[in-house]
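A.B. asks: Residue numbers (the working numbering), protein chains in the order written: chain A, 1 to 250; chain B, 1 to 237; chain C, 1 to 167.
Take these hints with a grain of salt, some might be off.
Okay, derived cross-link-like pairs now, PhoX-like style, lysine-lysine, Cα gap no bigger than 20 Å in a straight line [what the hints assert, rightly or not]: (1) B/LYS29 to A/LYS235; (2) A/LYS49 to B/LYS35; (3) C/LYS60 to C/LYS155; (4) C/LYS60 to C/LYS160; (5) C/LYS155 to C/LYS166; (6) C/LYS129 to C/LYS166; (7) B/LYS35 to A/LYS235; (8) A/LYS190 to A/LYS53; (9) C/LYS129 to C/LYS108.
One-sided and incomplete, this derived list gives chain A residues near chain C with beta-carbon spacing under 8 Å [said to hold, decoys possible]: (10) HIS6; (11) LEU80; (12) PHE83; (13) VAL89; (14) VAL102; (15) VAL103; (16) SER104; (17) GLY106.
Estimated spans, in silico, between C-beta atoms of each pair [said to hold, decoys possible]: (18) C/ASP148 to A/LYS97: 33 to 39 Å; (19) A/PRO186 to B/VAL212: 25 to 31 Å; (20) B/LEU81 to A/PHE101: 23 to 29 Å; (21) C/LYS124 to A/ASN205: 49 to 55 Å; (22) A/PHE143 to B/LEU146: 19 to 25 Å; (23) B/LEU50 to A/ARG23: 17 to 23 Å; (24) A/LEU153 to B/LEU144: 46 to 52 Å; (25) A/PHE101 to C/THR45: 16 to 22 Å; (26) A/PHE143 to B/PRO20: 16 to 22 Å; (27) A/ALA59 to B/PRO185: 26 to 32 Å; (28) B/THR114 to A/LYS97: 36 to 42 Å.
To be clear, the hints were calculated from the coordinates, so they are not data collected in a lab.
Positions of the beta carbon are idealized from the N, C-alpha and C atoms, including for glycine.
Chain residues, written in single-letter form:
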Amino acid sequence: MATTFHDALSRLRKTRVWKSIFRRGPALTNRTRSLAVFGNLFLHFLPVKVREKSLRVRATYYLGSISFLLFVILSITGVLLMFYYHPAVPQAYRDMKDLRFVVSNGVFLRNLHRLAAQLMVLAVFMHLFHVFYRGGYKPPHEFNWVVGVILLLVTLFLSYTGYLLPWDQLAFWAITVGTNIISAMPVLGKYVRFQLLGGNLVGENALLRFYVLHCVVLPLAAVLFIAVHFWRVQKDGGLTAKGEDGRKED
Amino acid sequence: MDEKKTSHETGFSSHARKNPQRIVFITRKTSAKVKGEIPGQVMAYPHLLLREAIAFQVLVIAIVLLALVWDAPLEQLANPLVTPNPAKAPWYFLGLQELLHYFAPLVAGILIPTLVVIALVVIPYFNINVEGEPMWSSNAARHLRLLLAVSAALEIFLGLFRAWTVFVPTAVIDALAIYSYFVPPTASGFGRYVRNRAVSWWVMTWFICVAVVLTVVGTFFRGPGWTWVWPWRGHAG
Amino acid sequence: MADSDKQGANGGAPDAQGDVNRRDFLNEITFAALGMAAMGSAVVTYRYLSPNVLFEPPTKFRAGSPDLYPINTVTYLPEQQVYIVRTPDGFYAVSAVCTHLGCITQWKPEADQIACPCHGSKFKPDGVKIEGPAPAPLPHFLITLTLDGELQVDKLETVKINQAFKV
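Same shape as in the complex, but just chain A (with noise of 0.2 Å):
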């Protein structure tokens, strides 16, 4: 039973439509290798040969990349989410009760998204205070450090738009008492305030608008910071790197 998998499997990778996909063939030249990563859409952000010693867990805890990955649990359990989701006033929090009660899963889907999205923040912090503490922010990575700190910001922004939407007291004041916060900046308070709830008062419109930053606007920031981010490692040498003046950082 295992050779036939085999077989079918080498049949398969010697088929026109399997080598149309996979051009290169199975990487098992260091050359395959680094065309593999080299020539994926999608890879091409990692290096293709990466420092033995940042592969360990000491090194950087994998708290980049378990951020990175949360992100990917949360919109891809935010998709699924927003199926069954009508960003309206009661509705939403009808809906909310829908998938609590009524909906398969949803329980279990809903407590995946709200635990990826406080383990994400707390990720994100430790990833800022590690890479911190590592010295990671040194020349040449000091932008790279800086488009780190804005994702955080959108980071939390998402988590903050995400509160808002099952309407009930918690999400309702919570965000009352954090524009209102905002209202107090000098000059632009009042103007930044009104644009972000579509109004004076915490209702629909702010319900419309905190959906769409949430699952449009800020998700595209994300990823197109993310990968900013990503690239500068790449492009810096990879993890684990000698500063410009060679000095070790580890």
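Given the coordinates of chain A, work out where chains B and C should sit on it, guided by the hints.
C.D. replies: Relative to chain A, chains B and C alone:
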């Protein structure tokens, strides 16, 4: 005669004036820099990518197990007329909300977060952070005086506003820093570690301590009306 | 780790025909486990995406007492998109949805025809096609009588065209 013979045989002549030769001098500065093979590297595929795949699966398993037992909360329908007591922000903003208890919204809500973000962004552009020299490695006495002056001013300011939840962790870090000044150079272990920390380390550690204390207090020690509660004395939250 | 960079290395050669070496065995177990996890996720996702509660109008409905419908008339019920047709033979519940592309047809009493405005299909009152691009006659739904003597139509059950419901 000789020249003819040599140039015939070798194609080169050694008569400097008749057949001047060009000589190239290669100095250190003009040589092309060749990057050698960086040691200790492995192919991203399979070593990095398989590890990432494993990390993803471990993460998914952990989250799935947690999601099976830990339910996301859902309170009553949003009611603009009734504010729950206490109305708490999500945990990552609770530190800020605790600060709001002591300072005006402009300060705690806008000024401090903006300053924190700016401070984070500019870290790599200051030489003192890039060099990362231990705080006591040079001008130790002067640095100690600076530390005492800054922390005294900060603590007085915090005391005036009765911001005890910030006052206490600041005092702890100050004590640690002062202790590290007095650690002898021959010490080992924790004393030695703390003695060799850079200014940037101290500032970040102070910030993390304050943020953690503020968040923990905001989560567990604040009840209705944002009054102080002891979490083990059973309150409605 | 270095040996994995060598081309074609495997975890020991198979000893005999049909035996599998350690590397391939572990690979197969891994793929089997991942496959099961993937299939499980797919099933769970499919069940999640299939709504358990639909807010659509019910497919079984009551059409009132048979006496409401005089003989040789066609009555259109707009909320259900069904014609109640009463002939001397009995009742037919004719679907008003055109079998061509799903437009709602209209009863034209002056022409004694059911006409579809979209592409011009025309049907007789019993649903049989007269002309037009519709591929099939309008289907008839099952009629039953409730315990208190009302007509009940079930849109999920179809009956033969010539099968009238006799009261």
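A.B. asks: Evaluate each hint against the coordinates.
C.D. replies: To see whether the hints hold, each was checked on the structure:
no., hint, in the structure
1, B/LYS29 to A/LYS235, "25 Å, violated"
2, A/LYS49 to B/LYS35, "15 Å, holds"
3, C/LYS60 to C/LYS155, "6 Å, holds"
4, C/LYS60 to C/LYS160, "18 Å, holds"
5, C/LYS155 to C/LYS166, "18 Å, holds"
6, C/LYS129 to C/LYS166, "24 Å, violated"
7, B/LYS35 to A/LYS235, "15 Å, holds"
8, A/LYS190 to A/LYS53, "51 Å, violated"
9, C/LYS129 to C/LYS108, "14 Å, holds"
10, HIS6, "7 Å, holds"
11, LEU80, "6 Å, holds"
12, PHE83, "6 Å, holds"
13, VAL89, "18 Å, violated"
14, VAL102, "5 Å, holds"
15, VAL103, "6 Å, holds"
16, SER104, "4 Å, holds"
17, GLY106, "7 Å, holds"
18, C/ASP148 to A/LYS97: 33 to 39 Å, "36 Å, holds"
19, A/PRO186 to B/VAL212: 25 to 31 Å, "30 Å, holds"
20, B/LEU81 to A/PHE101: 23 to 29 Å, "26 Å, holds"
21, C/LYS124 to A/ASN205: 49 to 55 Å, "54 Å, holds"
22, A/PHE143 to B/LEU146: 19 to 25 Å, "30 Å, violated"
23, B/LEU50 to A/ARG23: 17 to 23 Å, "22 Å, holds"
24, A/LEU153 to B/LEU144: 46 to 52 Å, "36 Å, violated"
25, A/PHE101 to C/THR45: 16 to 22 Å, "19 Å, holds"
26, A/PHE143 to B/PRO20: 16 to 22 Å, "52 Å, violated"
27, A/ALA59 to B/PRO185: 26 to 32 Å, "30 Å, holds"
28, B/THR114 to A/LYS97: 36 to 42 Å, "39 Å, holds"
Checked against the numbered hints given earlier, this structure breaks hints 1, 6, 8, 13, 22, 24 and 26; the rest are met.
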